[in-house]
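Chain residues, written in single-letter form:
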Amino acid sequence: MQSNSVQSYEHLAPSRAVKIRQRFVPFVVMAVVLLLIPFFDPSRTMYSLTAAMGINIVFALSYNMLLGRGGLLSFGHAVYFGLGGYAALHAMNAIDAGNSAFWSNYPVFMLPVVGFAIGALAGAVIGWPSCKRSGVPFAMISLGVAELVAAAGYMFGSIFGGEMGVTGDRMVGPQAFGLSMGPVEDVYWFIAFWTFVGTLGIYAFTRTPLGKMSEATRDNPERVQFVGYDPNRVRYLVFIFAGAFAGLAGGMSAVNYEIFTPESLSLVPSGLVLLMAYIGGIRYFTGPIMGAILLTYMQSMLSDYSEAWLLYLGLLFIAIVMYAPGGVAGMVFGLLEIFRHGGAREMLIRRVQQAVGVALAFTGLVILIEVAVRWSNGYGEVFEPFGLHLGIDTPLSWILILGFFGAGFVTLRLARNNEEGHA
Amino acid sequence: MSTPALSIKGLKKNFGPAEIICGVDLDLEPGERHAIIGPNGAGKSTLFNLISGLYHPTEGSVKLKGEEITGLPPHVINRMGLSRSFQVSNIFANMTVRENVRCGVLYSLGHGYSFWRNVGNLREVQQKTGEVLERVGLLDKAHLPAALLPYADQRTLEIAITIAGGADVVLLDEPTAGMSHSETDRAVALIEQATAGKTLIIVEHDMGVVFNLADRISVLVYGQIIATGTPEEIRGDPRVREAYLGDEDEQQVLAGGAQ
Ligand SMILES: Nc1ncnc2c1ncn2[C@@H]1O[C@H](COP(=O)(O)OP(=O)(O)OP(=O)(O)O)[C@@H](O)[C@H]1O
Ligand SMILES: [Mg+2]
Chain F
1 MQSNSVQSYE HLAPSRAVKI RQRFVPFVVM AVVLLLIPFF DPSRTMYSLT AAMGINIVFA
61 LSYNMLLGRG GLLSFGHAVY FGLGGYAALH AMNAIDAGNS AFWSNYPVFM LPVVGFAIGA
121 LAGAVIGWPS CKRSGVPFAM ISLGVAELVA AAGYMFGSIF GGEMGVTGDR MVGPQAFGLS
181 MGPVEDVYWF IAFWTFVGTL GIYAFTRTPL GKMSEATRDN PERVQFVGYD PNRVRYLVFI
241 FAGAFAGLAG GMSAVNYEIF TPESLSLVPS GLVLLMAYIG GIRYFTGPIM GAILLTYMQS
301 MLSDYSEAWL LYLGLLFIAI VMYAPGGVAG MVFGLLEIFR HGGAREMLIR RVQQAVGVAL
361 AFTGLVILIE VAVRWSNGYG EVFEPFGLHL GIDTPLSWIL ILGFFGAGFV TLRLARNNEE
421 GHA
Chain C
424 MSTPALSIKG LKKNFGPAEI ICGVDLDLEP GERHAIIGPN GAGKSTLFNL ISGLYHPTEG
484 SVKLKGEEIT GLPPHVINRM GLSRSFQVSN IFANMTVREN VRCGVLYSLG HGYSFWRNVG
544 NLREVQQKTG EVLERVGLLD KAHLPAALLP YADQRTLEIA ITIAGGADVV LLDEPTAGMS
604 HSETDRAVAL IEQATAGKTL IIVEHDMGVV FNLADRISVL VYGQIIATGT PEEIRGDPRV
664 REAYLGDEDE QQVLAGGAQ
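Line order of the protein sequences matches chains F and C. With our numbering applied, the first sequence covers 1 to 423. With our numbering applied, the second sequence covers 424 to 682.
Since the hints were derived computationally from the structure, they do not count as laboratory data. Please read these numbers as outputs of a predicted model, since none were measured by experiment. Don't take each hint at face value.
Restraint-style ranges between C-beta atoms, simulated for each label pair [to be verified]:
hint, chain 1, residue 1, chain 2, residue 2, range
1, C, Gly543, F, Arg416, 40 to 46 Å
2, F, Phe102, C, Asp563, 54 to 60 Å
3, F, Gly271, C, Pro568, 56 to 62 Å
Computed footprint of chain C on chain F, listed as stretches where at least three residues anywhere in the stretch have a Cβ under 8 Å from a Cβ of chain C [claimed, not checked]:
hint, stretch
4, 208 to 221
5, 229 to 242
6, 404 to 415
Ideal placement from N, C-alpha and C gives every residue a C-beta, glycine not left out.
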């Protein structure tokens with residue numbers, strides 16, 4: 001017995017190589033990507049797109065502290081984003097006003113810290129009653145809180161600026177790192193820095209005892225009580241941190257857009273962040289990052305091409321929920337797994353078959369929607385991709401729609417038969 | 424006489440009109456190994472739920488090492504040094520075996536709700552987790568997801584989580600249920616060794632295990648303890664024989680027969 005106590009169990013922990021590969025390398029890659037982006041001389045549009053992505057990455061990751069890691073479904077996470085953002089904007093205006101020694105020496109670059117603090121405070125206040133429940137009641141409370149705070153946002157004009165919101169000017173106060181915050185490049189470095197810090201912070205949280213017990217509470221709230229933890233307490237603390245990081249993202253947004261409106265507190269952004277996390281994959285740390293990048297891209301790019309982009313977003317969400325609950329990350333890591341374990345050629349072929357099938361059927365659906373939207377608008381506008389003329393009364397439209405649908409359906413069928421043949 | 428490790432007085436529990444526990448009194452000496460036996464539905468698990476704080480008693484009191492714990496929430500009772508296992512494995516299925524045990528270790532080593540430490544750097548936690556894993560014989564399966572463990576190993580993990588926090592009063596609810604003979608023998612050896620010097624209450628259907636392990640035995644029937652005594656006393660008690668009448672196997676064991 002005595003001799004056992006001197007034995008070391010360090011070999012139980014992941015090896016150094018594994019730690020470096022799984023924890024260190026991804027962050028180095030992230031840092032390198034963030035550092036390299038400006039060297040590709042991005043356009044203004046690309047800069048504003050990357051800024052939006054950075055903000056959404058931190059926001060979606062903070063949301064996943066609740067949903068993926070804590071098992072808490074919230075419909076009101078934008079409340080903390082919004083309150084953090086408003087706080088940062090008011091602080092920005094205080095820097096501008098220069099009435100207090102503290103604020104006139106506060107660099108705009110550090111405003112996300114204000115967002116973080118206010119997000120945490122809001123989480124602590126609102127989480128106090130809401131974290132006494134979990135499951136459906138928690139979700140309903142979060143919905144109620146979101147309604148309430150958004151309504152308050154429209155009512156208390158002096159704080160939230162009414163419909164027009166509160167605006168600010170980021171080129172004020174002392175400079176940090178020699179950034180005037182005027183040009184997009186400066187803003188880029190600001191966003192890149194805080195995206196990295198936010199991601200690192202949220203990742204670090206998953207490695208703490210509280211982060212681990214958050215997962216344990218998600219999986220088995222009964223049992224955690226019998227190892228000394230109060231599940232409500234765990235949820236409450238996690239909620240505060242999720243609010244804080246959402247507030248940090250809000251602070252990034254405040255500096256980037258220099259405006260916040262009560263809309264930002266509403267159910268719409270709360271729903272969007274849920275979609276980002278879920279579509280990206282809530283079971284993976286990187287899932288919400290992928291979801292944020294994808295949805296931000298769709299939001300800004302697709303909305304230029306098609307007014308039906310929200311419809312596509314809805315379709316994507318439903319498809320993920322039904323057929324790929326692991327989200328984008330689940331699919332990516334699933335594929336990597338197949339490659340790594342080589343020899344699973346059939347598996348790979350099947351995946352390709354499925355992808356082709358989905359793409360074909362989806363193309364049919366896109367034509368249908370685009371044709372229908374233009375027809376329904378009634379301006380006589382017609383869908384004209386690749387020089388084709390696809391009106392509602394053109395036979396070609398219907399041939400293409402049915403053709404793509406049919407081809408997609410058959411391909412998916414084949415893939416499935418293959419699967420059953422191998423099972 | 425020293426303060427009892429656990430002292431139950433006039434404990435009652437009703438579910439609606441049904442009286443499930445109807446006045447249980449029981450005192451446990453520190454270091455005692457106490458078995459609770461009784462037919463299905465007698466209220467053994469309910470008694471555990473009352474002691475460990477999962478249910479609130481309708482009446483009566485429970486004291487842990489002299490301190491009143493009636494009505495306290497389970498996590499507080501656990502921190503005061505009482506730990507329990509479940510009849511149906513109640514583990515963290517999505518975590519690895521090692522992480523499961525670590526969940527049992529963290530609080531007791533003072534890392535409660537800490538969000539400023541990296542679990543990977545907590546030497547003590549790592550050491551303790553390893554020790555518990557080694558002790559229960561799950562070291563080689565440390566990295567398996569708990570859900571993938573064979574049934575007997577899940578039962579072992581259940582015990583491992585229960586003892587990981589170092590509680591000195593341990594409640595085990597049918598730890599060997601569903602195990603084969605050899606698995607049961609291993610589990611009993613483990614329980615004996617892991618609870619050495621601790622106060623143990625064990626609910627068990629296997630009379631062989633009970634008579635081997637227990638210093639004293641209580642017989643719970645219809646929510647009442649009809650007899651408490653040493654294995655010899657229980658063997659000879661006519662009321663116990665009556666309660667088990669009809670069950671030939673148990674009769675044999677009670678009579679000290681073929682085993
Ligand atoms: N939460 C509850 N609500 C209502 N009735 C309950 C509840 N929990 C237990 N009971 C009832 O209490 C009685 C005793 O149950 P308990 O699980 O304590 O028995 P047990 O002695 O552990 O039996 P077993 O040997 O089968 O495990 C049963 O009739 C059960 O239906
Ligand atoms: Mg039971």
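- For the stretch 208 to 221 of chain F, do at least 3 residues have a Cβ located nearer than 8 Å to some Cβ of chain C? holds (count 10)
- In this structure, is the beta-carbon distance linking C:Gly543 and F:Arg416 contained in 40 to 46 Å? For F:Arg416 against C:Gly543, whose Cβ atoms are near 43 Å apart, the range 40 to 46 Å holds.
- 56 to 62 Å as the expected CB spacing between C:Pro568 and F:Gly271, which holds or is violated: 33 Å, violated
- Is it true that F:Phe102 and C:Asp563 lie within 54 to 60 Å of each other by Cβ? 58 Å, holds
- Query: Taking a Cβ-Cβ distance under 8 Å as contact, does the stretch 404 to 415 of chain F have three or more residues in contact with chain C?
  - Reply: It is violated, with 0 qualifying residues against the three required.
- Are 3 or more residues of the stretch 229 to 242 of chain F near chain C, judged by a Cβ distance of less than 8 Å? holds (count 6)
When the structure is compared with the earlier hints, violations turn up for hints 3 and 6 and for no others.
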